[in-house]
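Okay, here's what each chain looks like letter by letter:
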Amino acid sequence: MQKLGDFKLPHFFNYPPYFTLQPVRETSEKQIQLWKELILDYCRIQKIFVIRLEEEFPLFSNSVVERTLSHEAREAFLSALVAEGRAEWLDKGRRNCLILWHRIQEWADIIVNFVKDNGFEDSVMTVEEIRSGIESRGTELQGIDRTILVRALKLLEHKGKLAIFKGTSTDDEGVKFSV
Amino acid sequence: MSNFFSKAEVTSSGRPVLLHNEVECHLLSAVDLEPEDHRHFSLLKSGLLILTTHRLIWLLSSSASTPTSASAIPLAAISHIFSSKKSLKSVFHSPRIRFQVLVSSDGRVFDPSSGSGSSSGSGSRSVVVTAVIRGKGDCDGFLVKFWDSWRARVWETTKISSSGSGSASGSGVATGIGGGLYSSDGSVRMVGVAGILRKEQEMWESTDKSLQDAFQDLNALMSKAKEMVMLAEKMRQKLLSGTSSQTSGTNDEDMGSKEEMQDWLLSVGIISPVTKESAGALYHQQLSRQLADFVRIPLERAGGMINLIDAYCLFNRARGTELISPDDMLQACSLWEKFDVPVMLRKFDSGVMVIQNKSHSDEEVFARIKSLVTKPEALRTGISPTDAAMTLGIAPAMAKEHLLTAESKGLLCRDISPDGFRFYINLFPEIDPCNMYFVKDYGICSTWIKAVSTTGIGERSSTFR
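Quick mapping for you: the protein sequence lines, in order, are chains A and B.
Each residue of the first sequence is one higher than the one before, starting from 1 at the first, in UniProt numbering.
Each residue of the second sequence is one higher than the one before, starting from 1 at the first, in UniProt numbering.
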C-alpha cells in the first residue's frame, strides 16, 4: 500500500483520471466526494490545519503516476469542503484554506473533556498553555491551530462555560473555566 | 448670448452656414473674446474663432454638445486692427489680437447687411475687442490673414454683383481690389483648405450628375426585372394553390408540369415553398437519393461513419461540374429521414455532423470501446483517440466523438496531462466514499489493481504511442 509519510493512501490515488477534474456530473460528484474525504483524513492524521493553494501540498501530487491537481481542481475540492462546513477560506482571494477536520463544536467538546479530565473546572490557564502545556501532550489539543482554538473558546464563552480575558501583554490571553 | 453680436447661423452638425461667396480663411481654437468694458458684452470663453472673407465668427466649442448658434462680427464693422506689440509681458501671456469694432446706436455691432447706412459714420462709437488665443493655433498667421481679408473687402464686391445682373456666379466688377484672393473676373480664387474643399465639392456634384444619367438605363432595366419577378410570383402562387387543392383525381400530366415548373423556378434561383410542404422539389429529391447512393462506398471505407464535410468534398469532386452548395448538401441529407435509405445524418453534442449507416449502433461501438479499454495495457495507460481509431477502423476525429459520448454515458473517464488527452475505464462508480480502502474481489477495481501492479505504473509500452 502506498504511503505519504505515515498516511496510507487508497488504491485509486494512482488512478490518473483522479487528478483531472471530470466534466460529467455523476462522475465528478463521486470524484469530489472522494477528494473531500481524503483531504480531511490526511489533515487529521498529519495534524494539518491550513492548506495554502500556492504552496506544494503533498496530497495534491502523485509522483508515481506523474500527475498533479490543477489550481482549478484544488479550488473546486476545497470549495466543496467549505460548502459542507468542513473548511473555511481565510482570505478573499481563496489562497489559504482552514481545514476543520473537527468542526468547531467538536473542538469545543474536546476542550470541555480536557478540562474535566484534568480537574481544571475552576482554574485559569493561558490560551498557549491549552495548546502546548504539559497536560495537553498526547491529546488532540496538542499543537492545535490557534485560530481554531480561539474560535472554540469563544463558542464556549458564549455558552457561559468560560471567560476569556486579556493579560498584561497581547500574548497573554487567559481563560477562566466555569465548566 | 448677449445682443451685441450679429447672429450667425449654424448647421445641425455645428458648422457655420456661410454666406454666398463667403470663404473660410483661418481657424483658431480655445479663443476668448474680451470686451474693453463689460457694458457691451460679457466675456465669451473658449470658443472657435473662424475668419472668413466676410466675418469673424465665434462658436462655443465643447465636445459634449453641438453648438446651435454662433456670434459674428462683420469685417465691415471693424474700423481698426491693432498691430501686435511684442513686449516682455507678451512672452508670458497668451497671444492677443486686438481690433476696434463700430457700434451702432442700439448698442450692437454695426451690421452693414442690415442696410443701416454706409460703413462709415453710422455712429462714432466703437469698442475694442481682444481675442485671447489660448490654444496652440498659428496666431501670427491668423493675424496676417485677418489683415488680408479685412483689406480685401470681399463683401463689397458681393453686394455689387448681387445687386447687378443677378447671375449666380456673381461675375461683378472688381473695384480697386489689389490682387490677393480674387481673380480678375471677380470669382473667388481657390485658396487654402477652403479652396481644396470647394474644388472637391464641385467634382462631387459633377460625378453625381453623370451617375444619375447612367442610372436612368439601369432603372429601366430594373423595372423590367420587377415585372419578371412578379410573373414568377404569380406562377408560384398558382402552383401553391394547385398543390393544396389536390384531390385524388388530379392527373399525372398536371403533376408533371408542376414539377417542371418548380424545377425551372429553382434553376432561376427561386426556392419554391412547395419544397417545404411536400417531400421536396424534384431537384432536392434527386440529389438526396444520388447522395445516398454515392456515400455508400466512402462509408464502408471509413468504417461506417464519415464527417459531413468530408462527404461534401468527396461528392462535389465526384460530380466534377454542377457543384452543390453546402446548403444543398444539408437539405439533401435532411431529406433522408423521409425516404427509405440506409444512411442517416447525425449531430454530436460537440456540434460535429456525420453521415452514418442506419445499421450503425452506438451500443455496439461502446461494447467495442469497453473491450478495448479493459485490456491490461489500456488499464495501465488509458487510450487516446488514435488508439481507438485504429481499433475501431474509423477516423481519429470520429473516434474522439465516440469516446466523448462514451464518457458522457459514464463508461470512461478523461485524463489530461502533458502526455495528452487520454481515456480510462471509469472506476468511480465502484468506489465507496465511506469505505475508501475497500476493494471488491471481482469488480473492475480489482482487475485494474492487478493490471497496474504487474508492471510499474507510468511505464508506457512504446507500441502504443
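In short, the hints are calculated from the structure, not lab data.
Among the hints, a few may not be true.
Listed below are the simulated DSSO-like cross-link pairs for lysine-lysine, each with C-alpha atoms no more than 30 Å apart in a straight line [as the list claims (entries may be wrong)]:
1. B:K450 with A:K30
2. B:K440 with A:K36
3. B:K7 with B:K45
4. A:K3 with B:K440
5. A:K30 with B:K440
6. A:K30 with B:K7
7. B:K400 with A:K8
8. A:K36 with B:K45
Rough simulated footprint, nothing fancy, chain A against chain B, three-plus residues with beta-carbon under 8 Å [stated by the list, open to error]:
9. 218-231
10. 347-355
11. 408-415
All residues carry an ideal CB built from backbone N, CA and C; glycine is no exception.
Hint by hint, here is what the structure shows:
1. With a CA separation close to 23 Å, the supplied pair K450 of chain B and K30 of chain A stays within the 30 Å bound.
2. Annotation: proposed proximity of K440 of chain B to K36 of chain A holds, straight-line Cα distance about 22 Å (limit 30 Å).
3. Restraint check for K7 of chain B and K45 of chain B: the C-alpha separation of about 17 Å stays at or below 30 Å, so the hint holds.
4. Annotation: proposed proximity of K3 of chain A to K440 of chain B holds, straight-line Cα distance about 21 Å (limit 30 Å).
5. In summary, the hint linking K30 of chain A to K440 of chain B is supported, as the alpha carbons are separated by about 17 Å, within the 30 Å threshold.
6. Under the criterion of a C-alpha separation no larger than 30 Å, the hint pairing K30 of chain A with K7 of chain B is inconsistent with the structure, at around 81 Å.
7. Taken as a hint, the K400 of chain B and K8 of chain A pair is broken in the structure, with Cα atoms around 37 Å apart against an allowance of 30 Å.
8. Between K36 of chain A and K45 of chain B, the direct Cα distance comes to roughly 70 Å. Violation of the 30 Å bound is thereby established for this hinted pair.
9. Evaluation of the coverage hint for the segment 218-231 of chain B: breached, as 0 residues show C-beta separations to chain A shorter than 8 Å, against a requirement of three.
10. Against chain A, the segment 347-355 of chain B contributes 0 residues with a C-beta closer than 8 Å to a partner C-beta. That does not satisfy the three-residue criterion, and the hint is violated.
11. Given as covered by chain A, the segment 408-415 of chain B passes the check, having 5 residues with a CB less than 8 Å from a CB of that chain where 3 are the minimum.
Violated hints, in rising order: 6, 7, 8, 9 and 10; the structure is consistent with all others.
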